[in-house]
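Spelled out from the first residue to the last, the chains are:
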Amino acid sequence: MSRISFKVTGAQGQGINSVGEMVAKGLKRAGHHVFGYREYNSVIKGGHSSYQLDICDCHIESSETKVDMLVCLNYIGLKRDLGSIKKDGVLLHLIPDWKFSAEDQKLLDDNNVNVLYLPMEKILKEHGSRPIVGNMCVTAVVWGLLGRNYDTLKDMAAEQFAHKGEKVIKLNHDFIDEGKKFKEESASEVVIDVPAADSSRTDDLLVTGSEAMGMGMVHAGCRMYCGYPMTPSSPLLKYIADNQNETKMVVKQAEDEITAMQMVSGAMWMGTRAATATSGGGYDLMSETLSLNGIIENPSVMVLAMRQGPSTGLPTWSGQGDMLLSIFGSHGEYPRLVMSVSDAQDSFDLMPEAFNYAEEYQLPVTILTDKHIAEGLYMQPQYDLKKAKIRRGNLVTDQKELDKLVSADRYNPSAKDGVSPRWLPGSKAVTYCAQGDEHDGEGNVEEGGENAVQQMDKRMKKVEAMKAALPDPELFGDENAETLIVSWGSNKGCILDAIKNQKGIAYLHYSYLWPLKTEKLEALAAKAKKTIFVEASYQGHLAKLIKMETGLSFDHQILKYDGRPFFFDELLPQLVS
Amino acid sequence: MSIPLEKSGKPNVHDYFCKTECTWCDGCGDYGIMAATKRALVELEIAPHEVALCFDIGCHGNTSDKMLGYRVHGLHGRILPFASGAKLANPNMPVLAFGGDGASFSEGVNHLVHSIRSHYPITFVLHNNANYGLTTGQASSLTWQDQPMNTSPNGIPEDTIRPMDFIFSLQPTFVARTWSGDIPQMTRVLKAAIQHRGFAFVDILQACPTYNKFATHEWLLEKCYDANADGHDPSDLVAAKKIACDTSEKVSCGILYQNEDRPHFYEKLVPRQGVKTTAVEEVEITDVSGLMKEFV
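These protein sequence lines are chains A and B, in that order.
For the first sequence, position 21 matches number 21 in our numbering, and the numbering has no gaps at all.
If you want our numbering, it's the 1-based position in the second sequence plus 1000.
Extracted from the complex, chain A is given alone in its bound form:
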């Protein structure tokens, strides 16, 4: 594996993402494997943020802590990020008359860093242009340093600004020429070698996990989306909302998370497929409604996009510390399904499954994602649109069958696997009550002890049936490997990158977290000499869950809770020692 990376840093609002995204697109179209990673603070303007692009000769879904090139649009990066430049790396900055401290100068000298100053203020003045246009010049310099062809960049700029007209395109082309001039005049010798391309991947998509999830929901037949903005679930709301005129979905930005979850529940009770997404605080508010859906046996789908910390915590950073909340949060006992995505592939693929399981077992489904997936930029083969099938379980729509129903069928406690017939409001049939109090088969309130036991047993029976139907966790690597890693969610990308080409080490990935299937894990763990658990939390939630269900403990736990994802060069030595 040959990989390089570069990072653009600057103040929020300076447009650093545009530099990274355009370079990513250009490289992807040439078949280079890329992975994009954003860091930013919870402010609109001014906070220090960065966009990192890792480039590889094979598929990657991870970032490194060290970069081959650092691009600083403001001075903060010059003071803070110099240590992240690799030996013989490049520093490109825009700060006039910047004097490095003696300590920083020594660091640059020791690492033989090639320092380039791009006189952006002067260039902007000559053109009489706003600073934001300068990003195209920065992009062009980066483009040149990576040894790319400027005409390709000009074509992309024309494509991006086509809707703004010729004048804007011309302006951007002028700034590309400025970048080219700078590269040729001031850095003609400096070139960063880009790892080999793969011509089979040029038609790949370049998507974030949120965009993948949004497309997956549309693909799954989700026709209504209600949300309330909360990082890192907001990009999903934005994607769905931005595309509503094409998808013709009913989209509602609700007054709060409780409303969003209630509207989704009402919509799914009526019979459509609807979804919402939030982060931890919003989940807390929604959880009472999950409990309602548990007892009225109403399918629902919600996404919990995790970030780090209690309360507002680190609102724009990543974590996995809400997993046990998603399984045990909210009052009373009721069956539910908790699953997790890990990248742009399953953020798409698992959406139809989420709705299918919700409808087949008539229960709330929670999909976990995190900031790292939600905003990570993945290179993704085009989705197979023939794979997904719709499954709606025991949904009665045929009039002849509807005619045979009695009200007490709705919550019939002796239904097979606890899954009783469900029919939609408006169906020409007997009616029932989706009753939030404990109830009899028809949904009439019934507080008798015997009935309470029957109905609880009925609902909880669904767990075993569902567990049997769920896929096992997925094994990557040799089933006889000496070392077995177990993890879930966004860690998958970094773990798989780290153990690529490593012998004797395998990875077991959990997509379905509750109910938890453990047979495969137990068989593999019994054979392995060493088991390693990886999670972005303080407590190691999945490990606790596994211990609870099996008694199994891991030999070694790698836990991280600083809001940052696992980095390739940080995780590799811990896994392969």
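No wet-lab data here; the hints were simulated from the structure.
All of these numbers come straight from a predicted model, not from anything done at the bench.
Backbone N, C-alpha and C fix where the C-beta goes; we use that ideal spot for every residue, glycine too.
A hint or two may mislead.
Below, simulated DSBU-like cross-link-like pairs (lysine-lysine); rule was C-alpha separation at most 35 angstroms, straight line [to be verified]:
#	chain 1	residue 1	chain 2	residue 2
1	A	Lys238	B	Lys1293
2	A	Lys386	B	Lys1293
3	A	Lys248	A	Lys400
4	A	Lys248	A	Lys66
5	B	Lys1293	A	Lys400
Facing chain A, according to a computed beta carbon distance under 7 angstroms, are these residues of chain B, among others [unchecked claim]:
#	residue
6	Trp1024
7	Ala1089
8	Asp1159
9	Gln1273
10	Val1275
11	Val1283
Pairwise CB distance ranges (calculated) [to be verified]:
#	chain 1	residue 1	chain 2	residue 2	range
12	B	Pro1271	A	Val190	47 to 53 angstroms
13	A	Gly47	B	Val1238	46 to 52 angstroms
14	B	Val1238	A	Asp256	31 to 37 angstroms
15	A	Lys416	B	Trp1219	54 to 60 angstroms
16	A	Gly448	B	Asp1146	40 to 46 angstroms
Chain B: place on chain A using the hints.
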């Protein structure tokens, strides 16, 4: 006015009959409200399978298994968003939501604000007995001043919300008030509410013989009058506000304000213009090849 009975071929009140026994106190306003609800639906020729009835938590919520229809009995304070979500999924279905004054003016008051503002095309029936009946008579934000209540033996130190001032501040398009002792009036009001274009707010002043010792059935009987019979024009917003908010001498009832000109939420959704199907009917695996193009 006659109520269609059995064998008419059309929906009749017996179709809504539920075998469960009523559990309300003698003299509870819920009996009358349920009777009027059934009657309004029947007179509009709506069969039980053609209507969604959404109940909040409270004494009124026990209507959920006292009459038929596709019903939900949800969480305290949250019935409006559940009902509006259901409605948006299938706008062809009449949706009625029922909630008490505790649910609607305390626990879920935000939903009332935003449901009126959003102008969802649903009917909201406020069971207004000015206290929390089911939890044994605590004060609500609509309880009068100087009334000793369970958990506030000295009366409430807070001010009482003036519901009509509040509702009219939200630019509603349908505001009615009626009371639980007048089934024909409730029926007339509910029929108009169900047929209203957008969000219909129906305040039903409800006798609570066990816990409300101030606005009793007798008090309501004496104070309430039919404003429409009295010549009030529901299209007159200024007059509507005045007679709705000023209840010092007498309590105006009937359809106080009605405006059929404002498009409701669903009508204003740009993507749904010209779409004949409902979201319920559109559930299928959907081709997203068009969406993928943006990312190549």
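Sort out which numbered hints this structure fails and list those numbers smallest first.
Violated hints (numbers, rising): 4, 5, 6, 8 and 9; every other hint is consistent with the structure.
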